[in-house]
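Visitor: Same order as they appear, the protein sequences are chains G and C. Going by the numbering used here, 469 is the number at position 295 of the first sequence; the sequence numbering is gapless. Going by the numbering used here, 181 is the number at position 7 of the second sequence; the sequence numbering is gapless.
Careful: at least some of the hints might be erroneous.
Put simply, identical chains are the same to the list, so a pair is met inside one copy or across any two.
As the list claims (entries may be wrong) - Using 30 angstroms as the maximum straight-line C-alpha spacing, the simulated DSS-like pairs for lysine-lysine come out as follows:
1. Lys336 <-> Lys411
2. Lys519 <-> Lys408
3. Lys508 <-> Lys411
4. Lys401 <-> Lys211
5. Lys202 <-> Lys455
6. Lys422 <-> Lys455
7. Lys489 <-> Lys455
8. Lys561 <-> Lys408
9. Lys384 <-> Lys489
10. Lys354 <-> Lys455
11. Lys489 <-> Lys202
12. Lys384 <-> Lys498
13. Lys408 <-> Lys202
14. Lys529 <-> Lys471
15. Lys349 <-> Lys202
16. Lys409 <-> Lys227
17. Lys561 <-> Lys489
18. Lys401 <-> Lys411
19. Lys202 <-> Lys384
20. Lys529 <-> Lys398
21. Lys543 <-> Lys509
22. Lys489 <-> Lys227
Derived from the structure by calculation, the hints contain no laboratory data.
Protein chains: 2
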Amino acid sequence: MNIAVLGYGTVGSGVVEVLNTNQDSINKRAGQDVNVKYVLDLRDFEQDPIQEKIVHDYDIILNDDEIEVVVEVMGGVEPAHTFVKGALEKGKSVCTSNKELVARHGAELMEIASENNVNFLFEASVGGGIPIIRPLHNCLTADEITDIKGILNGTTNYILSKMSHEGLDFDTVLKDAQDKGYAERNPEADVEGYDACRKIAILSSLAYGKQVDFEDVLTEGITKITKSDIAYAKKLKAGIKLIGMSKKLGHDVYAMVAPMLLPESHPLVGVNDVFNAIFVKGNVLGDVMFYGQGAGKLPTASAVVSDVVDAVKNKGSNIMASWKSEKRVLSDVKKSEQQYFVRLKGAGREEAVKKTFGEVTFVSISDEKDETAFLTGTMPEKEYDEKIAGLGEVVNMIRAEL
Amino acid sequence: MNIAVLGYGTVGSGVVEVLNTNQDSINKRAGQDVNVKYVLDLRDFEQDPIQEKIVHDYDIILNDDEIEVVVEVMGGVEPAHTFVKGALEKGKSVCTSNKELVARHGAELMEIASENNVNFLFEASVGGGIPIIRPLHNCLTADEITDIKGILNGTTNYILSKMSHEGLDFDTVLKDAQDKGYAERNPEADVEGYDACRKIAILSSLAYGKQVDFEDVLTEGITKITKSDIAYAKKLKAGIKLIGMSKKLGHDVYAMVAPMLLPESHPLVGVNDVFNAIFVKGNVLGDVMFYGQGAGKLPTASAVVSDVVDAVKNKGSNIMASWKSEKRVLSDVKKSEQQYFVRLKGAGREEAVKKTFGEVTFVSISDEKDETAFLTGTMPEKEYDEKIAGLGEVVNMIRAEL
Chain G
175 MNIAVLGYGT VGSGVVEVLN TNQDSINKRA GQDVNVKYVL DLRDFEQDPI QEKIVHDYDI
235 ILNDDEIEVV VEVMGGVEPA HTFVKGALEK GKSVCTSNKE LVARHGAELM EIASENNVNF
295 LFEASVGGGI PIIRPLHNCL TADEITDIKG ILNGTTNYIL SKMSHEGLDF DTVLKDAQDK
355 GYAERNPEAD VEGYDACRKI AILSSLAYGK QVDFEDVLTE GITKITKSDI AYAKKLKAGI
415 KLIGMSKKLG HDVYAMVAPM LLPESHPLVG VNDVFNAIFV KGNVLGDVMF YGQGAGKLPT
475 ASAVVSDVVD AVKNKGSNIM ASWKSEKRVL SDVKKSEQQY FVRLKGAGRE EAVKKTFGEV
535 TFVSISDEKD ETAFLTGTMP EKEYDEKIAG LGEVVNMIRA EL
Chain C
175 MNIAVLGYGT VGSGVVEVLN TNQDSINKRA GQDVNVKYVL DLRDFEQDPI QEKIVHDYDI
235 ILNDDEIEVV VEVMGGVEPA HTFVKGALEK GKSVCTSNKE LVARHGAELM EIASENNVNF
295 LFEASVGGGI PIIRPLHNCL TADEITDIKG ILNGTTNYIL SKMSHEGLDF DTVLKDAQDK
355 GYAERNPEAD VEGYDACRKI AILSSLAYGK QVDFEDVLTE GITKITKSDI AYAKKLKAGI
415 KLIGMSKKLG HDVYAMVAPM LLPESHPLVG VNDVFNAIFV KGNVLGDVMF YGQGAGKLPT
475 ASAVVSDVVD AVKNKGSNIM ASWKSEKRVL SDVKKSEQQY FVRLKGAGRE EAVKKTFGEV
535 TFVSISDEKD ETAFLTGTMP EKEYDEKIAG LGEVVNMIRA EL
């Protein structure tokens, strides 16, 4: 079985390395030999043995009937979308790690794959090496999924973990993460939550069966989280995590990416550094969690290659037709209920707070003497907005489930 | 598609409940309607609508060609083994939650299933509702598994968690667990590690491809763990967990069930109460962990029903031929390397310990003044045995990876 790899960057070279390292066991599991025939890249790699497989023209791959599986690890929407669509229409299966592509065109590409009796597989697009797409699709089939909460971005989890363990500021830790190569020079996609947003859109589409458009998902990043927030969280025996979440309540589906206070005993709070984890609740299963390395060359490549094995094993039958292109209209997150941790400007505001919010939990830290901080009860966000409006300036608000 | 359920106990009634609760989505995912035609039980259930499906004679099920899937949730080796074998030979797929059956006869039953082009599926036999069998078989296909560590028994994890959080004795907590129904009146299978032993044998067979006999797995329970051990562990910033572990080093495979000290930062240490988790290391993937409810009526039934969905979807093709009946001869655990936490009788033995073990970490707690406790470096168990022999009476030894 001949395959082609589109893109010889970090993940692409990882895919070649994994196929070489575990050649025997991969071939055994796939049921036949898996051979990389072409690698598409604009660059040449003169010092690398891969050079003999490098092609610069995608049509060579597209028009070679010997290529049965295409691995797309270029990233970005175009030209990946055109390339993938072309391959599927030619009867080639595609395995991708490209979350932008899956979030935007997943339903369409699964449909084209199904029509052509091939597969469009994307295990690596969420959670890197963590098996999550296949478990959601193939394992949790006895359940109605009611709740997903994920730490879906390693960079932001590294930053929040380090802020929490070492009592440092966001800016200091971001710089450290950039120096270590955990964060990009332009960190926006990570720290503003855009990366997590695409991933929760994919998971929500999969869990609830219709296309969730990532543009519809309320997205807040971690740039406003300070070391005072973390000190308050500790007082509340809580951790702050950037959570991509979605939940189904009756006919309503809510989705959001935002920093969140969770109790220290919650399994997600124990997920530190660059690790990712996805917590899923089923109506009969209860809680399960999938944990592992959410990024990195070899873990991500491992997930891509497991898709290649599936594509080879299931040649001629479509195994992954999982959500419809019909749009899932998300319900207004302002109707979604949770608690709110609030830092109000000005000390001594307890009576006013109690008058407005009823029973709350007040909390204080020695570093912030000029504010009144509290945790509300559970209420719709709309109700919180209305109540807080009368109380003056808010230094910060973080959603909570404590 | 008609199915029969063998045994209307906790899991069996759970399977019927899950099929009723999520009927629509299960039928959709299975691609056809799943109907329980018979329930085999020795008892009658006059007040329960299930009574109209109750049969007492297995031959009715075996000889009914309409029955295509048999759910075996009786437990125990016989008559389960005879019933399951008979069903597979008649061309019926079997889904089971029975760890004794899978540990003892898994390879044989998978072979018979394969010869008859049906499936023998057993997701619920390890980790209850946690997807672990299918992920190991279908997801981690790009990797060589090098290491498995599992909290595989909810009862012992509940006991150790409560001892740790509340500073209580083993006997006190066991009694509480029995009162709450988390532990049997005869708790031996749980507290002596026999249950975990069968489960690690299944996982090891699956990960390394040949039959690991559970009788070959060194098995120690938690009955010797005291509140002093836990106090020492806290001083070492560690937790004590009953771990079913196996590892592959070159051509050697080691397997063991024993209490173990792991660092507080290890994801398994955060797994509390009756929850289970399985931590897996792959040579390219790195670490992944699967977490959830390892027992209980509905979580276990959810896993069984997900197997039923797979059996229905994959009618006519064998999807689970995963380990050979050829025996995997385990290597002598005395050659396996780890650290050892040792409590030596008598205070002030530090010099003798250092002379024998070289560099160690001494630790003391106020409750145990008449002993010398220390953590060794990493060495084969045989070397530890030889060294400790000259040092007098050992109050307790617990293996460690710190």
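Visitor: Honestly, which of those hints from before does the structure not fit?
Guide: Failing hints, ascending: 4, 13, 14, 15, 16, 17 and 21.
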